[in-house]
Every structure is written in structure tokens, then in C-alpha cells.
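Going line by line, the protein sequences match chains V and R. Residue numbering for the first sequence follows the numbering used here, starting at 1 and increasing by one per position. Residue numbering for the second sequence follows the numbering used here, starting at 1 and increasing by one per position.
It is possible that part of the hints are untrue.
Just so you know, same-sequence chains aren't split out, so a pair can sit in one copy or run between any two.
What the hints assert, rightly or not - Taking lysine to aspartate or glutamate pairs in the DMTMM-like style, the calculated list, with each CA pair at most 25 angstroms apart, reads:
no.: 1; residue 1: K193; residue 2: E255
no.: 2; residue 1: K339; residue 2: D151
no.: 3; residue 1: K83; residue 2: E223
no.: 4; residue 1: K339; residue 2: E255
no.: 5; residue 1: K193; residue 2: E313
no.: 6; residue 1: K339; residue 2: D246
no.: 7; residue 1: K30; residue 2: E133
no.: 8; residue 1: K350; residue 2: E313
no.: 9; residue 1: K350; residue 2: E387
no.: 10; residue 1: K317; residue 2: E340
no.: 11; residue 1: K83; residue 2: D228
no.: 12; residue 1: K339; residue 2: D360
no.: 13; residue 1: K339; residue 2: E250
no.: 14; residue 1: K83; residue 2: E387
no.: 15; residue 1: K193; residue 2: E340
no.: 16; residue 1: K193; residue 2: D360
no.: 17; residue 1: K251; residue 2: D306
no.: 18; residue 1: K350; residue 2: E336
no.: 19; residue 1: K350; residue 2: D306
no.: 20; residue 1: K225; residue 2: E387
no.: 21; residue 1: K251; residue 2: E340
no.: 22; residue 1: K83; residue 2: E313
no.: 23; residue 1: K193; residue 2: D343
no.: 24; residue 1: K251; residue 2: D309
Keep in mind the hints are simulated off the structure, nothing from the lab.
2 protein chains.
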Amino acid sequence: MPQSRPANPPHSQQDNSVGVVVPQVYRHDKPLTLQCGVTLPGYELIYETYGTLNAAKTNAILICHALSGHHHAAGFHDTAEAKPGWWDNCIGPGKPIDTNIFFVVSLNNLGGCHGSTGPRSINPDTGKPYGPEFPNVVVKDWVNSQVHLADALGIEKFAAIIGGSLGGMQALQWSIDYPQRLHAAVLIACAAKLSAQNIAFNEIARQAIASDPNFFAGHYATEDKIPDKGLMLARMIGHVTYLSDDGMREKFGRELKSGDLGRGADVEFQVESYLHHQGRSFSQSFDANTYMLMTRALDYFDPARDANDNLVEAVSKASAKFLVVSFTSDWRFAVERSKEIVDALMAAGKNVASAVIQSDHGHDSFLLPIDRYTKVLQAYLRRVAQEVVGE
Amino acid sequence: MPQSRPANPPHSQQDNSVGVVVPQVYRHDKPLTLQCGVTLPGYELIYETYGTLNAAKTNAILICHALSGHHHAAGFHDTAEAKPGWWDNCIGPGKPIDTNIFFVVSLNNLGGCHGSTGPRSINPDTGKPYGPEFPNVVVKDWVNSQVHLADALGIEKFAAIIGGSLGGMQALQWSIDYPQRLHAAVLIACAAKLSAQNIAFNEIARQAIASDPNFFAGHYATEDKIPDKGLMLARMIGHVTYLSDDGMREKFGRELKSGDLGRGADVEFQVESYLHHQGRSFSQSFDANTYMLMTRALDYFDPARDANDNLVEAVSKASAKFLVVSFTSDWRFAVERSKEIVDALMAAGKNVASAVIQSDHGHDSFLLPIDRYTKVLQAYLRRVAQEVVGE
Numbered sequence: 001m002p003q004s005r006p007a008n009p010p011h012s013q014q015d016n017s018v019g020v021v022v023p024q025v026y027r028h029d030k031p032l033t034l035q036c037g038v039t040l041p042g043y044e045l046i047y048e049t050y051g052t053l054n055a056a057k058t059n060a061i062l063i064c065h066a067l068s069g070h071h072h073a074a075g076f077h078d079t080a081e082a083k084p085g086w087w088d089n090c091i092g093p094g095k096p097i098d099t100n101i102f103f104v105v106s107l108n109n110l111g112g113c114h115g116s117t118g119p120r121s122i123n124p125d126t127g128k129p130y131g132p133e134f135p136n137v138v139v140k141d142w143v144n145s146q147v148h149l150a151d152a153l154g155i156e157k158f159a160a161i162i163g164g165s166l167g168g169m170q171a172l173q174w175s176i177d178y179p180q181r182l183h184a185a186v187l188i189a190c191a192a193k194l195s196a197q198n199i200a201f202n203e204i205a206r207q208a209i210a211s212d213p214n215f216f217a218g219h220y221a222t223e224d225k226i227p228d229k230g231l232m233l234a235r236m237i238g239h240v241t242y243l244s245d246d247g248m249r250e251k252f253g254r255e256l257k258s259g260d261l262g263r264g265a266d267v268e269f270q271v272e273s274y275l276h277h278q279g280r281s282f283s284q285s286f287d288a289n290t291y292m293l294m295t296r297a298l299d300y301f302d303p304a305r306d307a308n309d310n311l312v313e314a315v316s317k318a319s320a321k322f323l324v325v326s327f328t329s330d331w332r333f334a335v336e337r338s339k340e341i342v343d344a345l346m347a348a349g350k351n352v353a354s355a356v357i358q359s360d361h362g363h364d365s366f367l368l369p370i371d372r373y374t375k376v377l378q379a380y381l382r383r384v385a386q387e388v389v390g391e
Numbered sequence: 001m002p003q004s005r006p007a008n009p010p011h012s013q014q015d016n017s018v019g020v021v022v023p024q025v026y027r028h029d030k031p032l033t034l035q036c037g038v039t040l041p042g043y044e045l046i047y048e049t050y051g052t053l054n055a056a057k058t059n060a061i062l063i064c065h066a067l068s069g070h071h072h073a074a075g076f077h078d079t080a081e082a083k084p085g086w087w088d089n090c091i092g093p094g095k096p097i098d099t100n101i102f103f104v105v106s107l108n109n110l111g112g113c114h115g116s117t118g119p120r121s122i123n124p125d126t127g128k129p130y131g132p133e134f135p136n137v138v139v140k141d142w143v144n145s146q147v148h149l150a151d152a153l154g155i156e157k158f159a160a161i162i163g164g165s166l167g168g169m170q171a172l173q174w175s176i177d178y179p180q181r182l183h184a185a186v187l188i189a190c191a192a193k194l195s196a197q198n199i200a201f202n203e204i205a206r207q208a209i210a211s212d213p214n215f216f217a218g219h220y221a222t223e224d225k226i227p228d229k230g231l232m233l234a235r236m237i238g239h240v241t242y243l244s245d246d247g248m249r250e251k252f253g254r255e256l257k258s259g260d261l262g263r264g265a266d267v268e269f270q271v272e273s274y275l276h277h278q279g280r281s282f283s284q285s286f287d288a289n290t291y292m293l294m295t296r297a298l299d300y301f302d303p304a305r306d307a308n309d310n311l312v313e314a315v316s317k318a319s320a321k322f323l324v325v326s327f328t329s330d331w332r333f334a335v336e337r338s339k340e341i342v343d344a345l346m347a348a349g350k351n352v353a354s355a356v357i358q359s360d361h362g363h364d365s366f367l368l369p370i371d372r373y374t375k376v377l378q379a380y381l382r383r384v385a386q387e388v389v390g391e
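Here chain V stands alone, though its shape is the one from the complex (with noise of 0.2 angstroms):
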């Protein structure tokens, strides 16, 4: 009689889990020439897959993160995590993003914090961090250092471009600079540019960094500084924006955090505790200059600005097939965002399927686990693997 399994084995134990990963290092030797005009002697991306690379090599995956986001989808770095990757409930065995089927490429973008060549590496010329020197990077330098490592890969063709948010737009950039290297560009919670709001919350957010007497203009790391409490305003800031008014009623109402009101006690409110909680811990962790490079990438992304300001015209170049979803109660990328990309590739003749899923979770919902949103995820995916893998 075989062994059966524990009742509860560890997470990283679970069926449908992808277990404990390794990450991997990709490191470009060749120069990279950005947008901005200047060229990097070299970069390493740093990267996980999930699932199998089969013998044609039709089945990867490309995962694209958002903002503060990173490689570390799914899966555990050791059995003591407590917990997963950041996409752990959408990539998994039997998952929306089958690693039964599908092998799943997630990296940490040029300019990260978390292992990709960054602010936080050594610049060859100085022999010092980059710090605030890391140049601009913007949209279309992702695309492009992310195609360098499909080809180390010997990845030709993704069966798919996955990511919500600014992970979105990169899928969106991928599909216009190079429509012959995928099959489908799943973009959620997207938007084809940012609004003035968008870009006003992001402002804010640098200038409570910028502000932050540790910040040194970004050489914080000479100083041997973190700008922590510019870095915890700014995640406030953010996290507000990527959740509901609904959900936060429903999450936190007016509830307390202890006794009376109105003694002026500096938490009052659980809301407050929360966000103090999310930003405090977010600021241990994320480098500041990082989180300006990010932004302004937020910020710059728009491709129908190479084509005479005209969306129709910018995605015509597509050849993929597009998944757009969005979420009702996403303020921060509203649904009428992703229906402007849907309306633009529609125009332009492209096979455009779309969802707009019913959630109280704002902007954040496309990193939870939604029934309808997972379902919609997982039909889209599996015609996919037909299509490219005869699965």
C-alpha cells in the first residue's frame, strides 16, 4: 500500500502548488542602449520558472510585474516560508496558469530592487551603487531585456504575455515592439496611459521620498540611510489608491482600535493601524530610488504617442490575440481604461476577447483569488494551450 501524503502537508507541499524554487540569474554581456539614450555595459535579470519547457518550446509563459512586484510568483524559497509567491493562487499545478500544461517565466524588472541590476548595483565605471546615477528606464527597455532572456531561453514564441497593472502594459508593449514573439497578451487591470490623477498620486508618492531628510537626493546608501518614512508615505499613498472605498467599509468601517474616540491618540482608527502596518514593512524592503524608476516608467507609458497620439494606430502593428480584464470597483485603472484598449484594438482588426469582473477589492483584485476572474483566466488559457501546444 503506497504511503498516503500527511493530512496537512506544509504549503510547499501541496498538490497544486509548484513547490520550493530556485531562482535563477540571467546575465546579459552585451550592451543595452535604453530609450533614455544611455547604454548599460551589461545587466543581470534574476528569474524563476514554473512547469516544463517541452521539446518545441511553445509552451512558456511570460509573467510581467506590476510596481512594487517582483520575480517571486509562486512557489516557496525554502519549506519555512511562511508565505508564497505573490501570484502563488493563479500559477500552479491545475491553476489558471498551468504549470501542467505551461512553463512559466517570472523575472524581476531592469531598474528592481530584488536581484535584476538595479539602483542597489554596483556601477562598473565607479565601482559604487548606482543609486539615484541608475538610468531611466521605461516600458520598452523591460520589453526589451526581457527579449534577450527569452532568447537565452530558446523561447521564440510565448503561448502567452501575462501581467495586471504596469505588468499589463508591458504584455501591451510587448505585442506592438514585437508581434511575431507572442501568441496572446493577457493585460489586466490595464490601461494604455496613465490619467493626470494616476500621475498626480504617483508625484506625490516621490515627493514624500524626495522629501525625506534620509533620501539625500537618492544617495542615501552612501550615508548609509533609508528614507523610510518618505517610503512608507508613499506605499500609504499608493495602497489607498489600489483598494476601494467599498472594500475599505467592508474591511475596516469606522472600526476602532481601542476605547474612545477623540483623545487625539495618534492610531485611532484600524484603517490607520493597517496602512501604518503596510507601509512600515514595505519600506524595510523596497529601495526608494527603485520606486521612483517605477513610477516614472507608470508615468511615461504611453505607445500611441509614437503614432500620432492614435491607439489604433500604435496596436495595429499586433499580431497576438488579447485577453483585457478589468475590475468595477478599480478607480485607480477603471474599467473604462481597459475598454479604451479594447475599443483601439477592436478598431484595428485585432481577436480581442474581454471581462469586466464584479469585486470590492479596487485595483487590487488582480492579485486575488476571484472565481469568475480565475475562471476566466483558466477557459482563456486552456483554448491558449490548444492553440499552441495541441493540449
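Fit chain R to the supplied structure of chain V, relying on the hints for placement.
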């Protein structure tokens, strides 16, 4: 032949301006016990009046100000003043709050920084400015302090008490606490209590101020410093939430301040430049401790809390008639929040009129001369005049 007026007289001499006004100070020499339990030995309120109080003293209107407002609501302090008071488009001869009919009282609230007793005032116990030691003041306290001003002016019953945003909360509190002392309450862009999202934005603003190294836990005056960067951030956060996404899109779009994108300049989009300007000028004039106090008063406001969390029960004591006005694009105090007030007033059997005004200008709409809004206010107050003054 009578001498004609010059073609373009200064604003202060135009027919529909209340002209030059001189602020007055009401000194209350008796103790005032606040909701937080602290007793102020006395206090001063700076105020202005426009129009003439009739012999029966039945034509008085009280204007309650919002978060960053003050007593100077209409007219000019001198003929050289570039801009009139903050609600000049609404108050004056022939305007909705018609000074040919009404006697208008507008004050700076207790705890303010424009001349009323507040954190900048000298604490008689110490001979030094109160600073952060100024006691917590809530909406009920403002109403109580305003009652004494009304008594001093001989006004037994206001024809109307009118306010937008935090000002509307004061009008609502008046109607509950002093039902016999107002004929009508006009609540504009208001809410019966803040949502978790509202509280979160306020907390981030406070955190921005508290994080400024020049804040010195509120004792910045003693240190001869101003936490201007924190105040600037706080105002920028507030300001974005007062505007709407659509309104900002229309006003700024993604217009660049100059030249090309992506070179990493500090300010590249017009919206950034605008917010910086707004934040900077606010930080030069407003008191940080007052900002803390006023945002806390917003957070704490919750009249239903004293009535078993039942708003219908809370407003049941009111005898005023109500006009409740909201604006379609206001997401800080959304139309839905006004509807909650209307529904509660209706359920309590009160006389309620309401209007939802189409506007792209977000929460700021309540300050703007929007045609239908102006007409609604004018019509409602003409009716009030007929009822209480017989005009």
C-alpha cells in the same frame, strides 16, 4: 446727468460685490468645556458679516467653513486685494446668498489659524503658544462656540446655516443639537461620517506632516521652524482628492511642462507643476497643528454614534428644513453619502429637498459657480426668505 461708473471698476466696487469688509472679533470670556473634557478659559472668534441684520433679527445666515477655510468668505479686505473671499461667487447683492435680503455671518472656527483662538494663540496658563497642546476640537464644539457668537449678535434663530464639506457637517450638527435655532440647514458635498478611505487619506496627510523633521512633534514654532514640506505633501494629497479624474484629465491631460519625456527631470507633467504650486502656497500660510486638528474633527464626526449608530434616530430631534446638494464627480464625499443623509432625514419625517448636480470638478464643485447649483441655492434661499422674512 449722473456720473457713470467706470467701465471696469475694481472688483471690490462692482455692483454684486459686498465690497470692502472689516473682520471683527468676538471674545467669549467664560469657560468653554470641550467634548474631549478640556475646558478653555475663554476664546476668540474672528468673523465677518455681509448685509444688514433686520430689526426682527430673522434674516441671518451662518456660513460654516470647510477644512482649510476661514472667515473671509466674500468681498475684499482692501481695494488692492487681488482675490475676493473664498465664496464670493455665491455671497453678495443679487447672488444666491443675497446680501440684499440676508445678513450673513462667516467665522473662522475655534482651533483655526486665521485669527480665532487656536494652536497659534497664547495659552494663558503658560504664556506660550498652545501649539500641539491645543485641545482636540470636534464639530460639536464648533457648534457650541458658534452658538455663543449667535447669542452675542442677538440672533435667536438663523434663517439658514449653510456649509460645504466639513461645513455641512456643522450645519447638520446644529440641526441636531440646537433644533430651535435654525430654520433651514443647507448641507453641500457632505457626509454623515467619513468612510475608511476618507480617514486613510487624512491619516496619510497627518503622517506627512508628522514625518517632517521641522514638525518637532508640533513644537515647530518654539524651534522657529515650519514643517513646510509636510504641509505641502498634505495639501497635495488633499487636493488630488478634491478633484475628479475626469476634471483633471480635462484641465491637465498629460500635457508636458516642457520638451520631451523620460529625461528624469523633477517635474515633467503640468499636473505635477500645478500640485507643487498649490502645495507650496498652502504650506506658507496654513498652520500644521490646525491641519491636524481639523482633519481629526472630520474623522471623528459621526452624529449617529451618539444614537445607537442610527442616523435616523440621530436626526429625529431636528426641526429645520433641509437642502442636501451633491455633485456627480465628487468621490471624496460621493453622491451616495448625501443620499444616506437624505434617506435618514426622510425616514425621520423631515422636510428635505435635494439636488444632485452634474459636474466634472469633483469635491471642489461646491466652491464653483456651476449654473444649476447656483440656481438651486438661489431658489431655495428665496423660499427661505419668504418663509422667515416675508420678502
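Identical-chain pair category, K251 with D309, by Cα at 25 angstroms: between (40 angstroms within a copy, 18 angstroms between copies)
Alpha-carbon proximity between K193 and E340, which holds within one copy, between copies, both or neither at 25 angstroms: Close inside one copy (10 angstroms), not across copies (35 angstroms); limit 25 angstroms.
Status of D360 relative to K193 across identical chains (alpha carbons, at most 25 angstroms): Both: 23 angstroms inside a chain and 20 angstroms across chains, each within 25 angstroms.
25 angstroms Cα threshold - placement of E133 relative to K30: within (20 angstroms within a copy, 62 angstroms between copies)
Intra/inter-copy verdict for K193 and E313 if alpha-carbon distance must be at most 25 angstroms: For K193 and E313, the Cα distance is within 25 angstroms only inside one copy (15 angstroms; across copies 47 angstroms).
Homomeric proximity label, K193 with E255: Cα distance no greater than 25 angstroms: between (36 angstroms within a copy, 13 angstroms between copies)
Intra- versus inter-copy proximity for E340 and K251 (alpha-carbon distance at most 25 angstroms): Classified as between: cross-chain Cα gap 20 angstroms, same-chain 31 angstroms, threshold 25 angstroms.
Same-copy or cross-copy closeness of K225 to E387 [CA-CA at most 25 angstroms]: Result: close neither inside a copy nor across copies, 52 angstroms intra and 67 angstroms inter.
Intra- versus inter-copy proximity for E340 and K317 (alpha-carbon distance at most 25 angstroms): within (17 angstroms within a copy, 50 angstroms between copies)
Intra/inter-copy verdict for K350 and D306 if alpha-carbon distance must be at most 25 angstroms: For K350 and D306, only the intra-copy Cα distance (19 angstroms) is at most 25 angstroms; the inter-copy one is 59 angstroms.
Intra- versus inter-subunit Cα pairing at 25 angstroms for K83 with E223: neither (33 angstroms within a copy, 46 angstroms between copies)
Intra- versus inter-subunit Cα pairing at 25 angstroms for K339 with D246: both (22 angstroms within a copy, 15 angstroms between copies)
Hints 2, 3, 14, 20, 22 from the list above are not met by this structure, while the remaining hints are.
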